[in-house]
Amino acid sequence: MSENLSRRHALKWLAGTVAAPIALKAAPGETEPAPPAYPQRYTLHDPDFSKALSGPWDKLMTEAELKTTTALADLILPKDEHGPAASEVGVPAFLNEWISAPYERQREDGEVIRGGLAWLNTECFKRHAKPFEELTADQQSAIVDDICGLEKPKPEHRIGAAFFTTFRQLCLGGYYTHSATWKGLGYIGNISLGGPYPGVPQDIIEKYGLQEVA
Amino acid sequence: MPLLTDRKTQPQYDVIVVGSGAGGGMAAMILALSGVKVLMVEAGRNYEPATETPMFNTPEMAPLRGDRTPVRPFGHYDATIDGGWQVPGEPYTNKAGTEGDFWWWRARMLGGRTNHWGRISLRFGEFDFIPKSRDGLGVDWPLSYGDISPWYDRVEQLIGVYGENDGIANAPNSSPGVLLPPPKPRLGELMAKKSGKQSGVPIVAAHRAVLSQPLDWKNLPAQLFPGNPKAQEIIGKDMMLRAPCFWATDCIRGCSIRANFQSTTVLLPPALATGNLDIITDAMVREVIMENGKAAGVHYIDKKTRRDAVVKARIVILAASTCETSRILLNSKSQDKAGLANSSGQVGKNLMDSVGTNLGAHIPALENSPILNEDGAGGLHVYSPWWLVNEHSKLGFARGYHIEMGGGRRMPQMSSFSRLDQTSPGIYGSKLKEEAKRYYGASFSFSGRGEMVPNKDCYTELDPQVVDQWGIPVLRFHWKWSDHEIKQAEHMQQTFAELIEGMGGKASPKSGREAIQRPGEIIHEVGTARMGAKAGDSVTNQYCQTWDVKNLFLMDGSVLPSNPDKNPTLTIMALAWRSCEWLMGEMKAGNV
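Note that the protein sequences, when read in sequence, are chains D and G.
Each residue of the first sequence is one higher than the last, beginning at 5 in my numbering.
Each residue of the second sequence is one higher than the last, beginning at 812 in my numbering.
I should point out that these hints are in silico values taken from the structure, not numbers from a laboratory.
For clarity, every value in this text was computed on a predicted model and none was experimentally measured.
A virtual CB, placed ideally from N, CA and C, is assigned to each residue, including glycine.
Be a bit skeptical, because a hint or two may be false.
[What the hints assert, rightly or not] Listed next, with one range per pair, are the computed distances between beta-carbon atoms:
1) Glu-910/G / Gly-199/D: 47 to 57 Å
2) Pro-1037/G / Gln-206/D: 36 to 46 Å
3) Val-1121/G / Asp-62/D: 44 to 54 Å
4) Gly-199/D / Lys-1317/G: 35 to 45 Å
5) Asp-207/D / Lys-1242/G: 23 to 33 Å
So that you can see chain G by itself, here it is in the shape it has in the complex (with noise of 0.2 Å):
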């Protein structure tokens, strides 16, 4: 099915959703699928997994074979097209005397940044919802892990989750019979278990969005839909149509079989089936529009033809990305100097990213490796959740971070021979492959992925000057890292180091100055427009519905209160779709 309508759009709708990634992909999947007239505002270009996506493409029909460049930071089968931490044209600020850069990562395409993504899906715990409750930083969520739990049930068995429930205090279960078994350990994987043994880091199933399995289409849409037939039956169809995983190629290049989820292959084909939704692509919203106080729509610039237009509806969901979000509200200037929704003032305030740092080394026990086929999942099989969450006064440094890692015999790429500098130096000809052949697939790397504290140095704000190609004020960021953030990552890289030291391997590790990662360089951020039980310091309530403004929601990470080492998009779905729901029901009692 070709996911593009064909640019006309009718006069009037109900919804619009501006984004079409993890939240605006759910917001109008569920939405259409309950009869709602939806039209969908995506500023990038159609995109259609099934035929775009390289999945076993090899690195010799790439330029410098497939190798990261400037260009292609994640080398070049990235899903992300026409996107990256740069996209020509659309060019972003950073304040000077700030400290460190942010960067800012966009996809400017059908489906946003799910395409690309680890697809790792953890659930945000109960602590997670309190932190300020906890050790008195930061802000409490207006909702508990009570009020959200049934939304992640629904979400898993929507997009299908491997992993186990372990039972380890703040990363939470699913229900029964909610995940898919996870695949078996690789042959690094079991050792660094067995090293997380001896040092008392957890390392269980990692949770992510793959199909280990085909998804039950007999019962599962029933549960999910009750009492909405046609729903029903159009995901049933849906997800006979997803094949489960066949362990091969890497989960950052897409997937057309859809056997891992992204908004282009699990929520907009259904939303589509439903005739309620049509999509306009190459649409840069540049503002919400205002009439009588009420949100009536978006103004956008068409980018094929540069011309503006409008387009109209009872209720305006936002949904563009954290970031973009914030500067769609802060540059519709309808009603209010600061930006539309911001009478709080925290509209691009509280910005966040995920703390992340990285070790590997090399494991003498993994030369010379028996050979096995360890594409598994293209992504991680374990992970470690963060298991000191009762011991934060004991370590120095707020909140928790997990742990990712990898390793083994994974599809050879430039950077995979760099160790043979050093052990085998002066060799050339046959020796040579032998040596490649023995150190091949024997290195091993942890990275962490952690919480950090919002911070009042931590934000971002219309540039004065500077406009993009499409006269669009585009943002200035301004990045401070707090010693939270620091320390944590300084434990970060003992940990790994202790782990890897337990595998066999000689460790080095940084300082958490010198090893922690750029703001925005692990694409978590989150904030800018946060949730919160009263209007003075937030700038929607619990069901993202503005405060401001009663017909306008924002449905993606910016409404998070806060960043837990989880990575956010499970949790970004789940509000949408939990809100959405409540969308509906005001709707029908009238009050939006």
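If we strip away everything but chain D, and leave its shape as in the complex, we get (with noise of 0.2 Å):
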């Protein structure tokens, strides 16, 4: 990549071979060529919403990235009492899907996510000679609590610190959009109810002193 090329810039150019069928830009610009026409339905912009459809796109992460993005998601969400492990509902496919996504966010977002996965496999190595998914639970949450944005990070672990905070997010967000992370949340919609909608309990209106707009 030429030097005077802007990431940005070399994003956009890149989302453009990646999808050219589709115009990727929010905002129309000034005259666009006009694409050719699309003969058969296009699969995202006009999904068939009765199968279940996960990115079309290839997905970028190797076997090596899977494995850490796992144990990582795991440490960061578990198995307890609130319910599954990111692994269990898909978190790590999920963070494949949208890292190797040809929207631009999704693509910076990716940069972090993967150069990020290399810096800790490399700060796991310089510490164990091993690769963070093989580490013992110590060993792992000791690299963790470094990055994890609880006090400032020293210097050394920016670059950590600041991929743990797009992973725990991009993280939060893959687990809590699967319903079977629902019940832990306390999220109870998304079932049909008969009747008037029940709206909010006296005991709840009293509670938060609503009474007089209730």
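Build the complex from these two chains, which are given one at a time in their own frames, with help from the hints.
The structure is reproduced here in structure tokens:
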């Protein structure tokens, strides 16, 4: 990549080559050449909702990256009394799908995630000569504690800390958008109810001091 | 019932309706119920809500957990298929140097944009029809609130709208018994209501096109279609088949049980049941064809075969959506280089969208809130009508806005946990799950929808160089907000901040210029072929009939002379119904 080609620009170019049939820009440009006709239904633009669909693009993570991703995701969201582990609800596969997507936001996250995974394993190699997923629980926690952002990270951990923040946010999103986690979270919707909408029970109205407006 | 006819058309129709959304769907239904032979021409594909609505799908069944992308701007499950602000093969342009690019939302599907919307159904009020008389800006309508109010009643009874009569100035009451009871407010909405009381902002039941109970199918049809037993029978049967809301899933996905309003579930089935309506889909209209000074039919491109075709009728109704209708007129140049029905020069002018901005915040009192099912009606239960309608002299900007709001325990999405970056850094493991549970549903946000004043810098025209993949010249937009809109957005931000602080949250309002959303982003574009009292300065009369061509009608948002803060769909339907009744009188009298 040429040095005077900015990263954002490069990403745009890359995105454009990956997904030629769709206009990726959210806003229209000055003029755009008409893309070719699309004779058949386009998977994302006109999806078939009766079928579950994961991103139809190539997934970029290697086996090794997926292993590290799984170990770290399960450390962040483990199986416990609140619900399943991240890997049990497909968070590693979701992260792979996310970072491989042909959109600018996901590509930017992808650079942070893939670079961060490499950084993490180098750090693990330096400390214990093993990749992250082969460390003991205590060894994993010790490294994560250095980068998890609880305190201001040391300069040598800054890259790891930025990676952890993005990684944790994506894990949270991927985890709680899986219906198997909803009970533990306290979301009890998406089920049909008969009769009028029940509204807020009286005891809660009183607890919140809302009698005058209820 | 399949919603598609077999692409065979009759040699001659009474009326061609271009577009199948709010205006086109209503026009086709009213005419077909009265025995008029109608051909509907729709640019998008066939769409069957009964089988294609992902009502209960969960995010893990979708790419990127259903999150928003440039291809699916409202998320994977948005009912808009084959559409969006960008449609493959159908570009549009923005004039260089105009301020802010206009975004043009299209829904290339049967039912058009009625498949995706908030179902917020607010009547324009008495003052909204006389804006120029009140503040000297824009133009007055050629009809008054009193002229249209009976049609509002009819539309509300037909589609089913929940709400209450609050007697607030310029937020009209419906006739007694017309509205369905609104659902009870959610916890956050009650807190907002209390905060509104402190700051003088009324928060009342929203008006939305969602059935909170079954429609009165025994009595309503006779009220709506007196003297028309066939229409009564068809509408009665159809009303019986519509289920009331079961308080789950987001309305923006569409509604396969037909509890909410969309053209495909409420207007087109009874219209087809008459046997008087044929529909051809995938038919992209290029122009209105003229013979002897009258509209004779439309010329369209069959998108499946890429062949040109012509269909004919005595009367043509364009209801292709505001900008598309103007585009068809501008591309119809058989008589006049300026485009068809454009002797006033007003086609494409006066383009307006709603002024939009929003502000949300974390509400500490909602942390660890009680576990309640807050799906509700798949949209807001309460809203604020514009409450300062008589205080404009103090405000420094014209016109007003209403407030939409929401929050609480909604279906989790990718962005639902972004707050934890601030509240809970450094936490992982079981403790993180406790934090997620604590902060989930503790956000609440307000959105403003305000009236912009038409101005000479906001218009659309044909791009002299660019065509779409069907070879049809595309639209080029020009845009500039005036100070009225910027100041209004600023006022919205200040009001929202006050409401948030009243709820115990900490707000960071932005300036109006920073906060105002993009033109076209609210998807309430109207104008471009406004109605008026005389031919010199408007495109149609009050019955949507073009001044220049007596048998050409426009029945979508294009005819609106102003864009009150109220979402336009209800008004588009009321105008279409009223205009079709008038049109049938003119047909009988032999005037068109």
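Violations among the numbered hints, reported as their numbers in ascending order: Nothing - there is no hint that the structure violates, so all of them hold.
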